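Sequences listed follow chains A and B, in order. Residues in the first sequence are numbered from 4 upward in steps of one, following the numbering used here. Residues in the second sequence are numbered from 4 upward in steps of one, following the numbering used here.
Calculated directly from the structure, the hints in this document are not laboratory data. Model, not experiment: these values are computed from the prediction. Don't take every hint at face value.
Claimed, not checked - BS3-like mimics (lysine-lysine), calculated; alpha carbons at most 30 Å apart, straight line:
| hint | chain 1 | residue 1 | chain 2 | residue 2 |
| --- | --- | --- | --- | --- |
| 1 | A | Lys107 | B | Lys242 |
| 2 | A | Lys107 | B | Lys107 |
| 3 | A | Lys242 | B | Lys107 |
| 4 | B | Lys49 | B | Lys266 |
| 5 | B | Lys107 | B | Lys20 |
| 6 | B | Lys12 | B | Lys49 |
| 7 | A | Lys49 | A | Lys266 |
| 8 | B | Lys49 | B | Lys20 |
| 9 | A | Lys12 | A | Lys266 |
Protein chains: 2
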Amino acid sequence: MISAEELLKSEIPIIDKWLDDLLPAETEPPQTIHRAMRYSVLSGGKRLRPALAIIAFRRFGGEGDRIYPPACALELIHAYSLIHDDLPSMDNDDVRRGKPTNHKVFGEAIAILAGDALHALAFRNLAEAGDIRIVADVASAIGTRGLVGGQVFDLEAEDTEPTAEILEGIHRGKTAALIAVSLRMGARLAGADDEDVDAVSAYGEKIGLAFQIIDDILDITADPKKLGKPVGSDEEHNKATYPRLFGIERSRQIAEELIASAKASLGDDPNNEELHAVADFILRRAY
Amino acid sequence: MISAEELLKSEIPIIDKWLDDLLPAETEPPQTIHRAMRYSVLSGGKRLRPALAIIAFRRFGGEGDRIYPPACALELIHAYSLIHDDLPSMDNDDVRRGKPTNHKVFGEAIAILAGDALHALAFRNLAEAGDIRIVADVASAIGTRGLVGGQVFDLEAEDTEPTAEILEGIHRGKTAALIAVSLRMGARLAGADDEDVDAVSAYGEKIGLAFQIIDDILDITADPKKLGKPVGSDEEHNKATYPRLFGIERSRQIAEELIASAKASLGDDPNNEELHAVADFILRRAY
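Let's have the full structure, built from the sequences with the hints guiding it.
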């Protein structure tokens, strides 16, 4: 069996090709915004969300290419949220994945609109899957009860001493909601029954939260070249993070507990081997 | 028969009630963003887009309340686009519908996120209708080939002398695309056949363009109290408008031609009487 790391990596070039195809060409007017959209989406990245959707889809017997448009929609949403998060009025970040952020290159107006256009294009591609339930699931995961809500809690928590509860709320919204719905989508589109869909969602929620905790740890301990962005930016922005509240040791322990609990959500059906391996990899990753 | 003006107005309180119900309560955390969303959506407005969806729905035999969630989704999208358009890096407007714009009250970060959250909530409510085609239609209408594209063309045309073609592209994107898809949605959800759906879309495209031309004329000639915003703001921003390019007289004539053409798109089936009356009203309106 190939490792989880290799499995996730093997999907990247395929996802990148689909993303390239479904984004409007740079030569199509209005060119500026298409350049801006392509700049942020096609700038590398782990493609974790689409890859998880694809892995869940295959796990539950899904076949063929129809998973790719809605899976790529998750990456478009992720890219839109990063562009908006980086804006001067938000986190005011200048560098992302080793390159200047979208608004540093295209200006704030185009950056805001590029995010908006990616958001719309995501739903265009979600619709391709022909299942209204995944539109509802994703829309719920990225609103004020998910992604946007997490960002608001995050902004409000800057320069305060957040409780563990608030911190979990931030991470559940900003990261875990989209990761959970990625897995949920893959399972649903493969025709998994409701029980399996819910189990894989619970798994996604937990690995999503663990992913963010590891992210916060890496922001302190990682090699900036491997990470593709400066380390220490959470500290600089006075961000609410697990290491800040609990220290690095205890944070890693919480992530370990979440990964164990994620695997338990699935049960030990041998068909879950890949998802178990993915969970372990999230804990181990160094970038 | 009641007049088109009365017909459109009669839907406003019903739409407002639905919007109030489908927006998260101000008391639900994160409260700031829910307050910001409600502030912009529930600040009055003509509710033209949902009203047109409802009128088209009834025209093609649609019955009951199921049109309201997706119709209201169009108003959420309209509100999101106005919040983002008003931002300092875009049109930098301080007043909208007689009240301070969203970012003047809540700050830029929350205004951007309120727009994003309304965008997501719109798709949540579109999904309620259970028809994947309207998700695809709306997503296409508000991306770079529609709403966002129009805004980009508009930003790029500031301080230039736009051609009639560019001007039409701006208005088609910024206004006509969403109005056309509103009518399209209503017809589709009522079960209209493809020919009727396309005819009502063509009608919508034309009344949408005429609506924007009249809007530009009103920005010069209207009573600011009736309009709910300062007049002359297009002039001040050096905006590309029909009156600027063609003068007021010729602009009004173009709008008249569009309205006649819109009515012709539908044909003279007596069942189209209401839609004809709505087209005439759009030409006549003074606010």
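Cross-check of the supplied hints:
{"no.": "1", "hint": "A:Lys107 with B:Lys242", "result": "holds, 25 Å"}
{"no.": "2", "hint": "A:Lys107 with B:Lys107", "result": "holds, 24 Å"}
{"no.": "3", "hint": "A:Lys242 with B:Lys107", "result": "holds, 25 Å"}
{"no.": "4", "hint": "B:Lys49 with B:Lys266", "result": "holds, 22 Å"}
{"no.": "5", "hint": "B:Lys107 with B:Lys20", "result": "holds, 26 Å"}
{"no.": "6", "hint": "B:Lys12 with B:Lys49", "result": "holds, 8 Å"}
{"no.": "7", "hint": "A:Lys49 with A:Lys266", "result": "holds, 22 Å"}
{"no.": "8", "hint": "B:Lys49 with B:Lys20", "result": "holds, 14 Å"}
{"no.": "9", "hint": "A:Lys12 with A:Lys266", "result": "holds, 21 Å"}
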